[in-house]
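Engineer: One letter stands for each residue in the lines below.
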Amino acid sequence: MIPELGQGALLAALALAAWGAGAAAFGARARRPALVESAQHAALGVFGLVSLALGLLIYAFLTFDFAVRYVAMNTNLGTPFYYRITGVWGALEGSIVLWGWMLCLYTLIVILRHRERAHELYPWALSVLFVVTAFFLIVMTLAAPPFARLTPVPADGRGLNPLLEDTGMITHPVALYLGFTGFTVPFAFAVAALAAGRVGDTWITLTRRWTITAWYFLSLGLLIGGWWSYHVLGWGGYWAWDPVENAAFMPWLTGTAFLHSVMIQERRRMLKLWNVTLVILTFALTLFGTFLTRSGIIASVHAFTQGAVGVVFLSFLAVVVLVSLGLLAWRWDALRAQGELDSVLSRESAFLLNNLLLVAAAFTVFFGTVFPLLSEALRGVKVSVGAPFFNQVNVPLFLALIFLMGVGPFIAWRQASLRHLTRNFLVPVAVGAAGALLFALLGVRSALAVLTLALTLFAAATIALDFGRATRARLGRGERLLPAMGGLLVRRNRRYGGFVVHLGILLIAVGITGSQAWSVQTETTLRVGEAAELAGYRIRFDGLQASEESNHFKVTGAFTVENGRVRPAVMQPSKKFYRQETSPIAGVDYWIGLREDLYLVLGDFSRDGRQATVKVQVNRLVTWIWIGGGVLTLGALLAILPERREAG
Amino acid sequence: MTKFIAGGAIILLAIAYLIYAGVTQSVVYFVTPSELAAAPEPGKAYRLGGLVAPGSVRWEPQRLDLSFSLTDGARSVLVRHHGTPPDLFGEGRGAVVEGRWTPEGVFRATLILAKHSEEYTTPGAAGDAGYRELLKSLRGSP
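Line order of the protein sequences matches chains A and B. Counting along the first sequence from 1, when you hit position 58 you're at 43 in my numbering, and nothing is skipped either side. Numbers given in my numbering equal positions in the second sequence, counted from 1, plus 769.
The reader is advised that the hints may include incorrect statements.
[As the list claims (entries may be wrong)] Covered stretches of chain B (chain A as the covering partner; in silico rule of three or more C-beta atoms under 8 Å from a C-beta of chain A):
hint, region
1, 786 to 792
2, 836 to 844
3, 849 to 860
[Said to hold, decoys possible] Using C-beta positions, here's what the derived DEER-type ranges look like:
hint, chain 1, residue 1, chain 2, residue 2, range
4, B, I779, A, I612, 29 to 39 Å
5, B, R827, A, V308, 58 to 68 Å
6, B, E804, A, P553, 50 to 60 Å
Keep in mind that the hints were calculated from the coordinates and are not lab data. Keep in mind it's a predicted model, so treat the numbers as computed, not measured. Quick reminder that beta carbons are idealized off the backbone N, C-alpha and C, glycines included.
Construct all of the structure, not just a fragment, from the sequences and the given hints.
Structural biologist: Structure below.
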């Protein structure tokens, strides 16, 4: 019964979404509010129906309804309660349902926020949102139906991919999809602006907080993904330049560029065409990312399935790009800039360079990701470029971006005078240089590490200088220190939220630098009683234990670790054998610290339990990546708050 | 304005050079055992994909020395690797190894990517019995 109900709900939602798209567009064109109102009702209906479908899918998971193929593939009788719910988005079909549901939710929020003071752009944007929703409903009903039946009904299911049985997996896809779908809203308003011929600043003002919200969730998704990779996959890394990571990183880069370039348009009436293009590009990249992930054309640890989904996504991507280009060409005259660039030493040119570098980084990531496809198509040679390519090309770009992070927000508009430059940058440059000297004297031998840390210090010093001056100005008006600082963060939340995000990025840069430059590892085979030594740690192998868990068998190693600073303690890395998997999954054990993490992975072991191979890593400063991530998301939240800027 | 166009062009050229240098330095060629055996070039970076030949895996835990043959049915190539075999690795299964061909006639792998199977497998009682036996033998140990 559930499969038919679910499929029926999705089909009805598709019909309603198609009606809504047409009604909103025609209502906008013919200025018929009744039609727009009908589209709003349709949106409510679509949301209800997709919620019903999602609810039915969750219910099918909770009740082990193996008549639904998707449930049988992604759960089994041993799956714990929470992972039966998260299993809903553990693979392709369900994640598209979640995605579609979020889009419907966003559409409702757009309606709630805009229907009262309906702006000219609003019905057009509503229509675009309906079109995108309808596309996802087509995927759900035709290309990857979550409610497909499985006959005969099996007694037990296959089970969730065990790697996904982790709390990170509950939140990572949710955050990532909220980010991906979130960019649909600014895209919808940009297309609406083109369709209505109103390409001024309105669509940017209307969507500013939407863009930051989408960016916030996308950043959160990327960070949780890195955390999951580090804590679950057992290779000790947080980023592998895997095609699917890249798929999420590209829209993050262009979205970041967009967040910066809108400031130029708001202030100087320039870059109209560029901003519309960037937001279209960002949305197109979210679709492209899904295409990469789901089509199976590029081998990746994330790629679940192959099939018609890739073709469907590629077709929709082509439609989006062609229609957008058509609209851009149509409104070409209106998109020309009103302001002019005056000087190289100005905030405009710093922001331009920032955009150039971010888009270039997105392009290099794109190029490296599709390079195997290009090479095979053009030269017939199967090749790939791995992490070395991405690091080599992107590290200089990101270093330049960190430098600009210190320059861009503090240099004058139009043209910076020498006096202004000295006043704002002399101290930070001195701080950066002193830092470089200090690190070199402390014996940091990697030139790249010294350079990165010096640039990071420079950028942090510019922020501190600005914040210090603004606080002092408030103190001069008789405020106390803490209220003055808090007032700055709250009243000028857009500016200072942005700076907090920048500080988060700087901390992440420190973490990446430290883990790349100073981490050490070893791998060794130990007999019971023998010990390995690494970076001041002594790791003694005490033996193996075995146990049977609800849905897997587990072999746990006991290692006594001492390092002179703390009391000896036992670490227990394990190997888990799941019935549905032909090979075991590593269970990492780690100590987390601000300075370094100790990271243990159990490798091979002898069947009598007397000997085991263990991989030991001492990963330096990795924790600062997660701390930086926390700071970054706090800053983004601050910037999302409505602006409450004081007069004057 | 010309200043900006010139500056932008210089930056774009620099980025293009970065990409070009990056590709030429880190490009890795995908080959099958037959293709590698036909024209092996020592020192060139390869990704070699094939089936781990049954009966060919030798693993010495004390020296962390792993060796096995990758085959495509027609030819097979001897691969050596320093380190524990990854979880998905096993005889008769697909694997992709990254590394270089050495003049001694051995492929030296720096990375083993075992292939993950997405096929539907019914949870077998045979597998459970095997695990239970493993648990018993481990519990029997001191």
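Engineer: Starting from the hint list further up, note which numbers the structure goes against and sort them upward.
Structural biologist: 2
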